[in-house]
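Visitor: Line by line, the protein sequences are chains A and B. Heads up: the first sequence runs through residues 1 to 301, numbered per my numbering. Heads up: the second sequence runs through residues 302 to 389, numbered per my numbering.
Don't read these hints as lab results, they were simulated from the structure. What you are looking at is a predicted structure, and each value in this text was computed from that prediction instead of being measured. Among the hints, erroneous ones may be present.
[To be verified] Label-pair restraints from in silico Cβ distances:
1) R344(B) with P151(A): 44 to 50 Å
2) E85(A) with K340(B): 33 to 39 Å
3) D336(B) with R259(A): 46 to 52 Å
Glycine is no exception: its CB is placed at the ideal position from the N, C-alpha and C atoms.
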Amino acid sequence: MKCRKCGEPAVLELRRHNAAFCAPDFLEFFRNQVREAIRKHHMFTRDETVLVAVSGGKDSLALWDVLIDEGYRTTGLHLDLGIFEYSVESRVKCEQFAAARGVPLIVSAVRDQVGAPVPVIKTVTRRPPCSGCGLSKRYLMNRVALEHRIPVVATGHNLDDEAATLFGSVLHWQTEALPRQSPALPSTHPKLVRRVKPLYRLSERETAAFAFLRKIDYIVEECPFAAGATSITHKEILSRLEDASPGAKHNFLFGFLDRARPAFERAEAVALNECLRCGQVTTGTICAFCKLADQVKRRVS
Amino acid sequence: MPTDEWNRGILDAIAGIRMKVILRNPRREVAVAGDRRVKDILRELDILPETVLVICGDDLVTADQVVRDDATIELRPVMSGGSGPDPL
Numbered sequence: 001m002k003c004r005k006c007g008e009p010a011v012l013e014l015r016r017h018n019a020a021f022c023a024p025d026f027l028e029f030f031r032n033q034v035r036e037a038i039r040k041h042h043m044f045t046r047d048e049t050v051l052v053a054v055s056g057g058k059d060s061l062a063l064w065d066v067l068i069d070e071g072y073r074t075t076g077l078h079l080d081l082g083i084f085e086y087s088v089e090s091r092v093k094c095e096q097f098a099a100a101r102g103v104p105l106i107v108s109a110v111r112d113q114v115g116a117p118v119p120v121i122k123t124v125t126r127r128p129p130c131s132g133c134g135l136s137k138r139y140l141m142n143r144v145a146l147e148h149r150i151p152v153v154a155t156g157h158n159l160d161d162e163a164a165t166l167f168g169s170v171l172h173w174q175t176e177a178l179p180r181q182s183p184a185l186p187s188t189h190p191k192l193v194r195r196v197k198p199l200y201r202l203s204e205r206e207t208a209a210f211a212f213l214r215k216i217d218y219i220v221e222e223c224p225f226a227a228g229a230t231s232i233t234h235k236e237i238l239s240r241l242e243d244a245s246p247g248a249k250h251n252f253l254f255g256f257l258d259r260a261r262p263a264f265e266r267a268e269a270v271a272l273n274e275c276l277r278c279g280q281v282t283t284g285t286i287c288a289f290c291k292l293a294d295q296v297k298r299r300v301s
Numbered sequence: 302m303p304t305d306e307w308n309r310g311i312l313d314a315i316a317g318i319r320m321k322v323i324l325r326n327p328r329r330e331v332a333v334a335g336d337r338r339v340k341d342i343l344r345e346l347d348i349l350p351e352t353v354l355v356i357c358g359d360d361l362v363t364a365d366q367v368v369r370d371d372a373t374i375e376l377r378p379v380m381s382g383g384s385g386p387d388p389l
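The following block holds chain B by itself, in its conformation from the complex:
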């Protein structure tokens, strides 16, 4: 019996969506169409460029770079919480 994930993989392959994007907090993966600029991928995922590092392998990738269809990129969030102002 094919799993939902298997079905989604088949549908993505038919639609030409092969590029893997790793998201954090919580960690998960989504597939998007590749051979596009990073800034277009971020726009599709509704992620502000200033809020993530875009990592491909051991490198950082700038927003104007084109990511290949068979690549995997990680969008690592940079925002962290604080514990407020100093009282004294």
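Bound conformation, chain A alone:
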């Protein structure tokens, strides 16, 4: 198999693009896709600081690597979830990455903010672990960005993540979730920062290949709570489709973004309030994060 650009031996085949690339040309292809995402959705400018949410996995560290190389001003944010050895190793990967590149990293522990680590939250709430974990992550990313006066949070969500989320929303016709499925969510409240996903044009195999070729030391082991997660099941189904019909995931997501999403946008904006307890944005009076923290406090004490 030869590189489509230079004819040298290829290291990666991208069936959905009917192409293969050598290492240097793949890295350039990858960076071009990130540049296009940032440009098309006006994600951020070079005058702004970008808070990059990093888990220690391939996607977020690949994203941070590209943004640093592209000359963006970045600060990393790692949320220590307290999930046994997995979280210890994840944190070390982020700290080593930041130290090697001389970029700032903020570390915040869920245990300190919620009152307990994710495994305890899982037991207390009796909900799937990804539920309390996701809620805490989204809340803390926004709060840390506000505290540091950073206007935008970038996450490592890739094409597979976005296609799987869309698949789950469509499967249950969660029409209220569809307008929010976007590579870039603007700030709709002074206390809500912009959220962007510069890797949405790239598959997770492509981000894994980028991380490997860039020799990024990321955590390969999966979160111990991910086994059996619905999002993983959806990804497996979509991967079977992709194998039978290369480009299926891309067409599903991009077709939605280009043609279907506008039809689901609300005629009227949802009223946003400030949580009476913490001041963060909520659609109610007490935000879901404060309710979760209360629940944890009651049960743990």
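With chain A held as given, fit chain B onto it using these hints.
Guide: Frame of chain A; chain B shown alone:
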């Protein structure tokens, strides 16, 4: 007293199965017959090519490449879990 692993190694050697494949999550090793294309090895292991990186030493290997019988390859999964859609 020979161990099960030792016995399996002998049986694999007799059957001509020498190529080592490292799998992850959990990390384990299996032996398969080498001197075949990567895509044939993946098919035997029932692994979709889109779900793994195929690593041989410091290199990525494409599905059409033939892997030697004495080689070791790693099939590194690329799928990771997510924590759901954005609520606001």
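Visitor: Each hint should be assessed against the structure and marked as holding or not.
Guide: We went through each hint and held it up to the structure:
The supplied range of 44 to 50 Å is met by R344(B) and P151(A), whose beta-carbon atoms lie about 49 Å from each other. Under the hint 33 to 39 Å, the C-beta atoms of E85(A) and K340(B), about 35 Å apart, fit the expected range. For D336(B) and R259(A), the Cβ-Cβ distance of about 48 Å falls inside the hinted range of 46 to 52 Å, so the restraint holds.
The structure shown violates none of the earlier numbered hints.
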